[in-house]
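Line order of the protein sequences matches chains A and B. The opening position of the first sequence corresponds to residue 1 in the numbering used here, with each subsequent residue numbered one higher. The opening position of the second sequence corresponds to residue 1001 in the numbering used here, with each subsequent residue numbered one higher.
FYI, nobody ran anything at the bench for these hints, they're computed from the structure. Don't take every hint at face value.
Chain B is faced by these chain A residues, among others (derived, beta-carbon under 10 Å) [said to hold, decoys possible]:
{"hint": "1", "residue": "67"}
{"hint": "2", "residue": "71"}
{"hint": "3", "residue": "73"}
{"hint": "4", "residue": "78"}
{"hint": "5", "residue": "85"}
{"hint": "6", "residue": "89"}
{"hint": "7", "residue": "90"}
{"hint": "8", "residue": "105"}
{"hint": "9", "residue": "232"}
{"hint": "10", "residue": "233"}
{"hint": "11", "residue": "237"}
Which chain A residues face chain B? A few, computed with CB under 10 Å, are given here [what the hints assert, rightly or not]:
{"hint": "12", "residue": "48"}
{"hint": "13", "residue": "155"}
{"hint": "14", "residue": "158"}
By construction, the Cβ of each residue, glycine as well, lies at the ideal position given by its N, Cα and C atoms.
Given next are the chains, with one letter for each unit.
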Amino acid sequence: MIRTEHLTKSYGPTRVLDDVSISLLEGKLTAIVGANGAGKSTLLSIISRLLDADAGTAHVDELDLATAKSEEVARRLAVLRQDTHMTSRLSVRELVSFGRFPHSGGRLTAEDDRIIAQSLDFFELGDLGDRHLDQLSGGQRQRAFVALALAQDTPYVLLDEPLNNLDMRHSVRMMRHLRGLVEQLNKSVVIVIHDLNFAAAHADHIVALKDGRIIEEGRPVDVMTAPILEKIYELPIDIHVIDGIPYAIYFR
Amino acid sequence: MSTTATVGRPAGPVVDSIRRVRRWPISVRLGIMASIAVGVALTYQFALVTGAWDYAMSLRFRQLVALATVGAGTGVATVMFQTVTHNRILTPGVMGFDALFRLVQTMFVWFFGSAILVDLDVRVRFLVNAGVMTIFGLLLYRWILRRTTRDLFVLVLIGIVLGTLFGSLTLFASRLLSPDDYLTVQDLVFTSFNTIDPQLLTITAIVTVLAIGAAVPLFRQLDVVTLGRDNAITLGLDYRRVVDRTLIIVTVLVATSTALVGPMTLIGLIVANLARQLLPTFRHSVLATGSALIGVIVTIGGQFLAARIFDFTTTLTVCVNFVGGVYFIWLLMREAKL
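Bound conformation, chain A alone:
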């Protein structure tokens, strides 16, 4: 289980995370939602060890993220960042191979090669394996970075906006794949996502952040109600239930 206790983080006078205590459920797909600047990415960055909290702790299972050995954490927790900019010229296959670094320390075994090939295939990157990252479209690059995170083959996966730049077909495939990781391989997946309807259709659990605090959490049917969503986004949002799943309609 990923657990945070009283996490607090400020940038100057602005408090971006305010006493956040949360337990992200094991073997579930959790979606973190909220308006821009609500603290979603900051929370994820702290859990990913990219940012130090001002106060509070974060644990993955029994590992305290502030003190645990970095490589040990990397074998449990894979992370996709929002920023997929890359300064060096790497091919797609080389990039995805780095996902095996926590396991093999840079010397790839046959097992590593198999997992890399599988990851590339799933994201339809097999033919692009030898292309350089700067020759890819935004969506292809996004898929390459998700393939990198999933090649790490960890029980916990954190993805910051995995649907960035993806078309509808690839978005649905991505969400189904994450769902499959949860159901078939019993992994715990946490995503930050802006598309509420994808969250409602695929997530087990939704956590809503506002102004650095958790203001709602629960099953999609419990969180996706008109009054709660209006509170989160300060926008009137209609809810239409189709096949038992609440969909938010807010386009006009």
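Given the coordinates of chain A, assemble chain B onto it according to the supplied hints.
Structure of chain B alone, referenced to chain A:
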């Protein structure tokens, strides 16, 4: 949009030949570099000998070892430095290291006087020099990199400002020196491969070999650093430790080679960038080897030209800085476009 990087490149005979080289496998390219390095070394050792053969052989061999040590050390150090600073334009030299060397020498003479310097064992002087440079360099780069400035131009600017600051301090301190002391300083800071103390050469060679040996286990980790800080951390790299160790090795390498022969500002820049251009890979085992070989070729070849062909009418440093300066401007303009 994604193809601008390949479309916008200027073409020319140099670029074309680099493209042709890119089709050869990397092992072949390293093999060719190694043979050129050996060829240049043999030429340097045996070509155009006038006067006493034995004397020329032993002098040239010493110079050869010094040139190779400096070339290889600078090459490896610069590639590593560029990886942890995440850009291809910075080198320890560009970031004010050479100016720091001159400052340390001047302050040394200023504090202790040239009399002590003359009495002091060369080995002690060398070790003090290299030690002080390592400590200063380390503090400086750690401080700069901790600020995590990602803007290339800010970093280059810091380097230039530091270089100027150290230069002005050196100038100020040298005004306070007696003319005799001043001459001593001039002698100390002048880059020279002509007279090399055999004892210092041995120490430098050993330190360089040890430092490069210590760098080898870092290569695989530096490969991951290529992905940027965030990705490296989430992949389980102890990022801070890797960067710190790299900076220690880099400063030791640059400090010892500078203490031996004096400043060679732009040589690392040429060498590391040629290596990255001729060996398009992220693997530091390959990049560092290539950079070391090119470093050996450039220093020995350059010294051969300066000493034998131009007959000492020009120096290696002048050649390197002229070629390096033009190359630096070209790189800066190309990077600015991207």
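Outcome of the hint check:
1. 67: violated (12 Å)
2. 71: Residue 71 (chain A) check passes; min Cβ-Cβ to chain B is 4 Å, inside 10 Å.
3. 73: holds (6 Å)
4. 78: holds (7 Å)
5. 85: Holds, about 8 Å.
6. 89: holds (7 Å)
7. 90: holds (6 Å)
8. 105: Because about 6 Å separates residue 105 (chain A) from the closest Cβ in chain B, which is inside the 10 Å limit, the hint holds.
9. 232: violated (28 Å)
10. 233: Nearest chain B Cβ about 28 Å off; hint violated.
11. 237: Hint on residue 237 (chain A): violated, closest Cβ of chain B at ~33 Å, above 10 Å.
12. 48: Holds. Min distance 5 Å.
13. 155: Because about 14 Å separates residue 155 (chain A) from the closest Cβ in chain B, which is outside the 10 Å limit, the hint is violated.
14. 158: holds (9 Å)
The structure does not agree with the numbered hints 1, 9, 10, 11, 13 stated previously, though it agrees with the rest.
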